[in-house]
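**Q** Read off the chains here:
4 protein chains.
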Amino acid sequence: MTKLGILDHGYIRLVDVMGSDLTVVNAARVSYAKESSELSERDIRLIKFLAREGHTSPFRHAIAQFEIYAPLMVARQWWKYVIGSAHAEGSGDSLDAWNESSRRYITEEPVFYVPRDDEWRSVPESSKQGSAEPIAKSIGAEYSSELHQLIALGETLYDKAIADGICAEQARLFLPAYGMYVRWYWTASLQSVCHFLAQRLEHDAQKEIQEYAKAILKLIEPHFPVAVGELLSD
Amino acid sequence: MTKLGILDHGYIRLVDVMGSDLTVVNAARVSYAKESSELSERDIRLIKFLAREGHTSPFRHAIAQFEIYAPLMVARQWWKYVIGSAHAEGSGDSLDAWNESSRRYITEEPVFYVPRDDEWRSVPESSKQGSAEPIAKSIGAEYSSELHQLIALGETLYDKAIADGICAEQARLFLPAYGMYVRWYWTASLQSVCHFLAQRLEHDAQKEIQEYAKAILKLIEPHFPVAVGELLSD
Amino acid sequence: MTKLGILDHGYIRLVDVMGSDLTVVNAARVSYAKESSELSERDIRLIKFLAREGHTSPFRHAIAQFEIYAPLMVARQWWKYVIGSAHAEGSGDSLDAWNESSRRYITEEPVFYVPRDDEWRSVPESSKQGSAEPIAKSIGAEYSSELHQLIALGETLYDKAIADGICAEQARLFLPAYGMYVRWYWTASLQSVCHFLAQRLEHDAQKEIQEYAKAILKLIEPHFPVAVGELLSD
Amino acid sequence: MTKLGILDHGYIRLVDVMGSDLTVVNAARVSYAKESSELSERDIRLIKFLAREGHTSPFRHAIAQFEIYAPLMVARQWWKYVIGSAHAEGSGDSLDAWNESSRRYITEEPVFYVPRDDEWRSVPESSKQGSAEPIAKSIGAEYSSELHQLIALGETLYDKAIADGICAEQARLFLPAYGMYVRWYWTASLQSVCHFLAQRLEHDAQKEIQEYAKAILKLIEPHFPVAVGELLSD
Numbered sequence: 011m012t013k014l015g016i017l018d019h020g021y022i023r024l025v026d027v028m029g030s031d032l033t034v035v036n037a038a039r040v041s042y043a044k045e046s047s048e049l050s051e052r053d054i055r056l057i058k059f060l061a062r063e064g065h066t067s068p069f070r071h072a073i074a075q076f077e078i079y080a081p082l083m084v085a086r087q088w089w090k091y092v093i094g095s096a097h098a099e100g101s102g103d104s105l106d107a108w109n110e111s112s113r114r115y116i117t118e119e120p121v122f123y124v125p126r127d128d129e130w131r132s133v134p135e136s137s138k139q140g141s142a143e144p145i146a147k148s149i150g151a152e153y154s155s156e157l158h159q160l161i162a163l164g165e166t167l168y169d170k171a172i173a174d175g176i177c178a179e180q181a182r183l184f185l186p187a188y189g190m191y192v193r194w195y196w197t198a199s200l201q202s203v204c205h206f207l208a209q210r211l212e213h214d215a216q217k218e219i220q221e222y223a224k225a226i227l228k229l230i231e232p233h234f235p236v237a238v239g240e241l242l243s244d
Numbered sequence: 011m012t013k014l015g016i017l018d019h020g021y022i023r024l025v026d027v028m029g030s031d032l033t034v035v036n037a038a039r040v041s042y043a044k045e046s047s048e049l050s051e052r053d054i055r056l057i058k059f060l061a062r063e064g065h066t067s068p069f070r071h072a073i074a075q076f077e078i079y080a081p082l083m084v085a086r087q088w089w090k091y092v093i094g095s096a097h098a099e100g101s102g103d104s105l106d107a108w109n110e111s112s113r114r115y116i117t118e119e120p121v122f123y124v125p126r127d128d129e130w131r132s133v134p135e136s137s138k139q140g141s142a143e144p145i146a147k148s149i150g151a152e153y154s155s156e157l158h159q160l161i162a163l164g165e166t167l168y169d170k171a172i173a174d175g176i177c178a179e180q181a182r183l184f185l186p187a188y189g190m191y192v193r194w195y196w197t198a199s200l201q202s203v204c205h206f207l208a209q210r211l212e213h214d215a216q217k218e219i220q221e222y223a224k225a226i227l228k229l230i231e232p233h234f235p236v237a238v239g240e241l242l243s244d
Numbered sequence: 011m012t013k014l015g016i017l018d019h020g021y022i023r024l025v026d027v028m029g030s031d032l033t034v035v036n037a038a039r040v041s042y043a044k045e046s047s048e049l050s051e052r053d054i055r056l057i058k059f060l061a062r063e064g065h066t067s068p069f070r071h072a073i074a075q076f077e078i079y080a081p082l083m084v085a086r087q088w089w090k091y092v093i094g095s096a097h098a099e100g101s102g103d104s105l106d107a108w109n110e111s112s113r114r115y116i117t118e119e120p121v122f123y124v125p126r127d128d129e130w131r132s133v134p135e136s137s138k139q140g141s142a143e144p145i146a147k148s149i150g151a152e153y154s155s156e157l158h159q160l161i162a163l164g165e166t167l168y169d170k171a172i173a174d175g176i177c178a179e180q181a182r183l184f185l186p187a188y189g190m191y192v193r194w195y196w197t198a199s200l201q202s203v204c205h206f207l208a209q210r211l212e213h214d215a216q217k218e219i220q221e222y223a224k225a226i227l228k229l230i231e232p233h234f235p236v237a238v239g240e241l242l243s244d
Numbered sequence: 011m012t013k014l015g016i017l018d019h020g021y022i023r024l025v026d027v028m029g030s031d032l033t034v035v036n037a038a039r040v041s042y043a044k045e046s047s048e049l050s051e052r053d054i055r056l057i058k059f060l061a062r063e064g065h066t067s068p069f070r071h072a073i074a075q076f077e078i079y080a081p082l083m084v085a086r087q088w089w090k091y092v093i094g095s096a097h098a099e100g101s102g103d104s105l106d107a108w109n110e111s112s113r114r115y116i117t118e119e120p121v122f123y124v125p126r127d128d129e130w131r132s133v134p135e136s137s138k139q140g141s142a143e144p145i146a147k148s149i150g151a152e153y154s155s156e157l158h159q160l161i162a163l164g165e166t167l168y169d170k171a172i173a174d175g176i177c178a179e180q181a182r183l184f185l186p187a188y189g190m191y192v193r194w195y196w197t198a199s200l201q202s203v204c205h206f207l208a209q210r211l212e213h214d215a216q217k218e219i220q221e222y223a224k225a226i227l228k229l230i231e232p233h234f235p236v237a238v239g240e241l242l243s244d
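Chains as they are written, first to last, in the working numbering: chain A, 11 to 244; chain B, 11 to 244; chain C, 11 to 244; chain D, 11 to 244.
A portion of the hints provided could be inaccurate.
A pair holds if it fits inside one copy or across any two, identical chains being indistinguishable in the list.
[Claimed, not checked] Below 20 angstroms or equal to it, Euclidean Cα-Cα: the simulated SDA-like pairs (lysine to any residue) are: (1) 170 with 154; (2) 170 with 158; (3) 170 with 149; (4) 217 with 140; (5) 170 with 159; (6) 170 with 64; (7) 170 with 126; (8) 13 with 46; (9) 13 with 45.
Everything labelled a hint here was simulated from the structure, so no lab data went into it.
Since the model is a prediction, treat every value here as computed from it, not as a measurement.
Produce the entire structure from the sequences given, and follow the hints as far as they go.
**A** The structure is reproduced here in structure tokens:
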């Protein structure tokens, strides 16, 4: 289980992992020149202590790498997190690397996210942001259909522009880009991954990005069961 | 001259500046406990030396702050820069802060970038990326018109979806987002600003982002005439 | 009041500041294209909300710059903070720039920190780290005297080695470096400065660095009275 | 060969590695949704191209982790690099994590670096910084002996202060700290490691840190033979 499907065409794949719960313990104990090779009860207590007290630097020595395929609107929120627009009171590097596709040149056929008939959500009553219950499926069906048609129109115009010799970096203006899938590599420390999860698993995060956060959690928890549990229980 | 118009509706405003060429000199000389209060020939030689030898840390103590209003496709390239997707062999923090608008909730009417009839560009012969000469104005006129219509259609569907109670974070799927204007604050060190300029003033950068880079240059050069000149002459 | 003396020979000088409480407000409201020019009650409520909810990115657009002269052992702890060894669950850049003196070449006479007779502290009973009550002044006097002599001996050997043609980068091995004063520039965002203060004003931080933290607080509070108050009340 | 001895008591141990030359290739090709599982000639040409053009972000997805035991004066220069004091025109995070020992509490016996009789170096004629030829062994012998004695005296005073109940964070003022060994974990991207090497393998870097740089190179080159070669040939 290293690849999980998300939304209509998206996915997350766990490309690589470095370290384990022991990495956190050994990084924290570097002062004492002591190294564990098996996770003891004492080691678990140390991880709990570090997470509880906010001594999170040892969690930066464990690394995970993902390939992500998601609509641009999800990618944008992710980037904002990485840049720090939404980040907490921390400081120091985020240990994040990022490599992603754009449409400045033609690579593959564009693919778009279209919510299914029963996936359109209503406005929450108490907030200007976020979403609430699904709207009626009959209304949803109408919007799924409209969105399919708008995308088809955009693609037709995009293809026509390319055929007329217009450069890809301008032709892309015809694509309804918020729903367009982009693909990227994300390499991040366990601290950074868990900080992302703590924010994006929240009920007021956009539902689409919550789906990605849940998949990330499923993929990394088996590799760092104690550390992930403690960092997310804060 | 602290605000410059760009493209059809965009702009850059220089919100604030901290320091001058002297800041670079004094940060570099902190070991010697010497401080200049007027820029001497010797100070200028020091700035030249620092820029030439790649000792760029003193340039990180001078700061500029901008408010930027640009199409999302320009903003995305900017973010990739800030995250470091395109960054050079450096390391260390980028001294960048970023705060931008999204459309997860309704703030103001969306505004879109539409190239004028004579602004559509052709594909370069030798490269899959970038753009070359303008295409014929008569063909451009057709695409400007098509884009206006597509945007109008997208906005109509967006407004209808909002009126039907669909949450803004999904309704925005109807907007042709690559051309949609977003607004953000960018606070960055002189080193970071000049590194951005070195990349985005290049002839193979997207023309739209080149326009923003030129405006940034015009706005900061009067504040750091020597340092900007040296950092960009590398 | 832009320079405050600390310990026997140290100081902090506020070199420059960019922004005010309004900067935080305007960065946070960039989505709305609204700008305040005077701090209203509503603006103050926004700052309180941002600090309480951990939406700290707007605080990264206000900047402060310090020149600091402190014993190496204080500088080391500061660096560890900046690198992130002790940092909280955040991510994103720290907006910190750093320029400091070393002794790889000869600049000025070395200066050393020596606690006064009544400044030597005892071991805390309950912890392996930190310090408790002062020890008896008579014992302290003995150690102040011993330290003065050890420093004098180290300096004599250092000078002799330099006179014998040994390079400064090795000769410095004779200097009791933990107490040796170093000088550096620190440029940091308000978020970063306040995160540093939150940690270093704590009773279990080393007393010497607490003195520096108190001085930083005195120097920046007049410039950002609301923001500093809220960030430190968390 | 995962641990190499350096100087009289130091060492570097390669704790862990994530990725290979293929990681760089696959991160760079994420736009094309193509993945290599064996390094082809075409892949090698891509790595050369990326290194030559300064498109270094793909190199940030390969990670190495070291345990380092080095004199404080070496560690300080390393930190300055990581913070960015000496860093080039880059921007973006450095993907560095750092965990190190201090002497705020008692962990293990302090260990000190003392140059051997023939390891003391002279001042270069043309520069205020760095070092040149070794000085005469007979003079070196004198300084090795003096340094041993000074360290012994410092340790005696340190132990006496601890015995008299003085807290460790002050007692350490008696230790000649520049030569004292500290131990830390360094987790960094291949880009960051190679940038460090490019600087610290230079002939004007302090000789002691050059030794550490050479060991790092030996340890990582077998894991990323193409990428390391290309990044260092710039």
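**Q** Each hint needs a verdict: does it hold in this structure or not?
**A** Hint check:
When the C-alpha separation of residue 170 and residue 154 is checked against a cutoff of 20 angstroms, the pair qualifies only between copies, where the shortest distance is 13 angstroms, while the shortest distance within a copy is 24 angstroms. In the homo-oligomer, the alpha carbons of residue 170 and residue 158 lie at most 20 angstroms apart both inside one protomer (18 angstroms) and across protomers (16 angstroms), since each shortest distance falls under that limit. For the identical chains of this complex, residue 170 and residue 149 are inter-copy neighbours only, at 11 angstroms across copies versus 32 angstroms inside a copy, given an alpha-carbon limit of 20 angstroms. In this assembly of identical chains, the alpha carbons of residue 217 and residue 140 lie at most 20 angstroms apart only when taken from the same copy (8 angstroms versus 35 angstroms across copies).
In the homo-oligomer, the alpha carbons of residue 170 and residue 159 lie at most 20 angstroms apart both inside one protomer (16 angstroms) and across protomers (15 angstroms), since each shortest distance falls under that limit. For a Cα distance limit of 20 angstroms, the shortest separation of residue 170 from residue 64 qualifies neither inside one copy, at 55 angstroms, nor across copies, at 35 angstroms. Taking the shortest Cα distances, residue 170 and residue 126 sit within 20 angstroms of each other only across copies (18 angstroms), while inside one copy they are farther apart (28 angstroms). For a Cα distance limit of 20 angstroms, the shortest separation of residue 13 from residue 46 across copies, 18 angstroms, qualifies, whereas the shortest one inside one copy, 31 angstroms, does not.
Taking CA atoms no more than 20 angstroms apart as the test, residue 13 paired with residue 45 passes between copies only; the shortest distance there is 15 angstroms, against 33 angstroms inside one copy.
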